[in-house]
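Enquirer: The residues making up each chain are set out below.
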Amino acid sequence: MGEKSVIEAIRDAMREEMRRDERVIVLGEDVGARGGVFLATQGFLEEFGEARVIDTPLAEASIVGIALGLALKGLRPIAEIQFADFAWPAFNQLLGEAARACYGSFGNVRVPLVVRIPYGGGIRGGLYHSQNMEAYFFHTPGIKVVAPATPYDAKGLLKAAIRDDNPVVFLEHKKTYRLVRGDVPEGEYVLPLGKAEVKHEGSQVTVISYGLVLHYCLQAARKLASEGISVEVVDLRTLRPLDRETIIGSVQKTGKVLIVHEDNKTGGIGAEVAAILAEEAFEFLDAPIRRLCGPDVPTMPFAPPLEEAYMPTTEKIVAALRELAAY
Amino acid sequence: MRVTVELPQVGESVVEGILARWLKEPGQLVQLYEPLAEIVTDKVTMELPSPVSGRILRFLVEEGAKVPVGTPLLEIETLSDTPCDSALSGEEAQPTGVGVSERVGRLLEEERPVGPTGGGAPPEAEETAIRRAEDEGAPMKGGAALVEKPWYSPAVRRLAREHGIDLETLSGTGLGGRVTKEDVLAAIAQRGVHTEEERVKITPIRRLIAENMQRSVREIPQAWAMVEVDVTDLVLYRERVKEDFQRREGVKLTYLPFVLQAVVEGLKQHPRLNARWAGEHIILRRRIHLGIAVATEQGLLVPVIRDADRLSLAGLARAVHELTQRARQHQLTLEDVQGATFTVNNTGALGVMLSRPIVPPDQAGILTMEAITQRVIVFTDRGSHTLPKVMDESLSSFVAPVFSVRYCMNMCLSFDHRILDGAEAAAFLQTVKQRLEAFSP
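Just so you know, the sequences run in chain order A and B.
Numbering of the first sequence is given in this note's numbering, commencing with residue 1 and proceeding in unit increments.
Numbering of the second sequence is given in this note's numbering, commencing with residue 1 and proceeding in unit increments.
Any given hint might turn out to be false.
Said to hold, decoys possible - Pulled a few chain A residues facing chain B out of the computed Cβ check, cut under 8 Å:
1) 33
2) 35
3) 37
4) 38
5) 179
6) 181
7) 199
8) 203
9) 255
10) 280
11) 282
12) 285
13) 286
14) 306
15) 327
What the hints assert, rightly or not - Residues from chain A shown here face chain B by an in silico Cβ test under 8 Å; the list is partial:
16) 47
17) 152
18) 180
19) 183
20) 187
21) 218
22) 284
23) 287
What the hints assert, rightly or not - In the SDA-like style, the derived pairs of lysine to any residue whose C-alpha atoms are separated by at most 20 Å in a straight line are:
24) A:253 with B:160
25) A:253 with B:187
26) A:253 with B:185
27) A:253 with B:189
28) A:253 with B:183
29) A:195 with B:103
30) A:73 with A:104
31) A:253 with B:154
32) A:253 with B:158
33) A:223 with B:187
34) A:253 with B:186
35) A:253 with B:103
36) A:159 with B:103
37) B:201 with B:167
38) A:253 with B:163
39) A:223 with B:109
These are computed hints drawn from the structure, not numbers from a lab.
Heads up, the beta-carbon is just placed ideally off N, CA and C, and yes, glycines get one too.
Let's have the full structure, built from the sequences with the hints guiding it.
Expert: In structure tokens form, the structure reads like this:
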């Protein structure tokens, strides 16, 4: 058992899978010679060679389109979009084609494709390096969407995504890469896609989150425990498909729920979770369902005080939970 | 405390910059984020914001100098503890670790901006300290204050309904005096302690019985008649044969099979008692299916002996035994309880002397057999009993009356007065009575 950062866990997952199955390849900008701008694929070119570690041009539509073609031919590509902000040109290939191939072919065509995408802000990234776009993927049938928050989850879920025969969008919050460290077991393990996890048990209020801000939720829960408020923290881990059972089960227990995510509020994942709870846990609600999200502005600001005003912070989460508990 | 401001990493691939122009002077006060200098890199010209509030002590670099990233540029003396300072204090905040598994990990604080790709210096290994901040975000509206009359959340209403709590008797501890889920749970817990009423949940069987009885009472005009039956000979007969019977047939011989046989004969002679009211017609049924009432823990069940007229006494005894067993073990099927054409109820087994049963829906009558007791009976000249009269016809002389102690059993018949009248009801009762009194001792 050792302590790893999220980026190390991700690197280990890919390396292990590439050693295990020679059909697994990686492609993307700077993944080869540079080892990835986040060093996610450091050492891969040397170990696996040019045929399996491919430096692409700055052409996201091609990255995903070529990866799709390779997947259709029987390889298991891991395509990297360097920043979520650059993913827009790849949408047609990813959501318009890859997501539909299996359904459109009556299940005859499989697309064992993983698209890894660093996302999220809080790193002074500004307009083009901070975007959250999970809602677009979340809305699309035909793909799975994963967003781990811890090194343990990142490694186990990435392995599962690589072994899955369906297209998986694997979202990695870039601020967690080096700033979240945790225990990762030595041996082989795979975590199931589509399962959320209660990261902190509680009885009065549920908070549902994912990604970087999950850790702020945990900090808030610990702070409120000392005030006698018992908060249950649910980490979604997989966004699509949502683990309805865990979500509903937790709210049935507590009766009050706060959904926290960095992504814009309107039409974000919190909206769907809230709708599911209103539909299926109505009789158990003791307070209105609340969401604490990024504001509905086109991008995360660059200026530090504005960026902080944008992000959900531990303080904001604590205040919202306190209010909810008192309702 | 003294803070040294260095040239920060202002872009991914930027390694050095030119300090083009100072915007402040040593000795001046500077606010947090106020521009200190203009920096020119190979990409852009930008302003360097102050990371602290304080007073500028001295510059370390001249205007126009080209310096690598990380070079100390100036020193500032801070005036008071700022939030940045507490983060730089070097204290590692200990997590309480309650309920958080180790593999969740911890979030490290960063001292300086790391840039989008994290190309800056590695962060200090510190837990992010929680800063004091005003409560932000829209305050929660609502609670009980929003609406005029008391408002109850779905969870509160559900709990109140499930446990029979009257919400109006509760005071609320929630926002604006709202009755919360916890308030209802507390009321439920407290209620077990002292109470004048107890609420019992209605089981499915109870509900069915209630519905049937209500329907019957609502639809059927019920009349009632009874006879007293001298069962002495029957009692003696049964005493004589019951042990052999049990040995031979494997089941006990109770009085019920005898009564069922008598009832079958009564129904054959008076078919209106085996009928049902069908609005436009009275339907006389040729087959005789006798419902026998069985008291079980869950409630009254009435399994049916089909074609009772085709069964011998032993057959009836066996059927009674088997259905009663299954009823008590909750093993009756839907078929077992449907289709009765007439019902018999052994209320006597409960020690009852007289009862007024309710005719089941779709039947014409229901007959009870009450407790067999020893009674003093006056004998008159009747049938095979050649005993003196009590009084002679002229009412002018008395003859000594003859009393005897006999085993007697009342039988009560409730019947559907739409289908038949008292005369036929009485005739039916007479048939049954005579059949039961016809045993040789």
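Enquirer: Each hint should be assessed against the structure and marked as holding or not.
Expert: Hints and how they fare:
no.: 1; hint: 33; result: 16 Å, violated
no.: 2; hint: 35; result: 12 Å, violated
no.: 3; hint: 37; result: 5 Å, holds
no.: 4; hint: 38; result: 6 Å, holds
no.: 5; hint: 179; result: 5 Å, holds
no.: 6; hint: 181; result: 5 Å, holds
no.: 7; hint: 199; result: 6 Å, holds
no.: 8; hint: 203; result: 10 Å, violated
no.: 9; hint: 255; result: 5 Å, holds
no.: 10; hint: 280; result: 12 Å, violated
no.: 11; hint: 282; result: 5 Å, holds
no.: 12; hint: 285; result: 5 Å, holds
no.: 13; hint: 286; result: 4 Å, holds
no.: 14; hint: 306; result: 11 Å, violated
no.: 15; hint: 327; result: 5 Å, holds
no.: 16; hint: 47; result: 22 Å, violated
no.: 17; hint: 152; result: 4 Å, holds
no.: 18; hint: 180; result: 5 Å, holds
no.: 19; hint: 183; result: 4 Å, holds
no.: 20; hint: 187; result: 14 Å, violated
no.: 21; hint: 218; result: 6 Å, holds
no.: 22; hint: 284; result: 5 Å, holds
no.: 23; hint: 287; result: 7 Å, holds
no.: 24; hint: A:253 with B:160; result: 17 Å, holds
no.: 25; hint: A:253 with B:187; result: 18 Å, holds
no.: 26; hint: A:253 with B:185; result: 13 Å, holds
no.: 27; hint: A:253 with B:189; result: 17 Å, holds
no.: 28; hint: A:253 with B:183; result: 15 Å, holds
no.: 29; hint: A:195 with B:103; result: 17 Å, holds
no.: 30; hint: A:73 with A:104; result: 17 Å, holds
no.: 31; hint: A:253 with B:154; result: 14 Å, holds
no.: 32; hint: A:253 with B:158; result: 14 Å, holds
no.: 33; hint: A:223 with B:187; result: 30 Å, violated
no.: 34; hint: A:253 with B:186; result: 16 Å, holds
no.: 35; hint: A:253 with B:103; result: 25 Å, violated
no.: 36; hint: A:159 with B:103; result: 17 Å, holds
no.: 37; hint: B:201 with B:167; result: 19 Å, holds
no.: 38; hint: A:253 with B:163; result: 18 Å, holds
no.: 39; hint: A:223 with B:109; result: 17 Å, holds
Of the numbered hints given earlier, the model fails hints 1, 2, 8, 10, 14, 16, 20, 33 and 35; all others are met.
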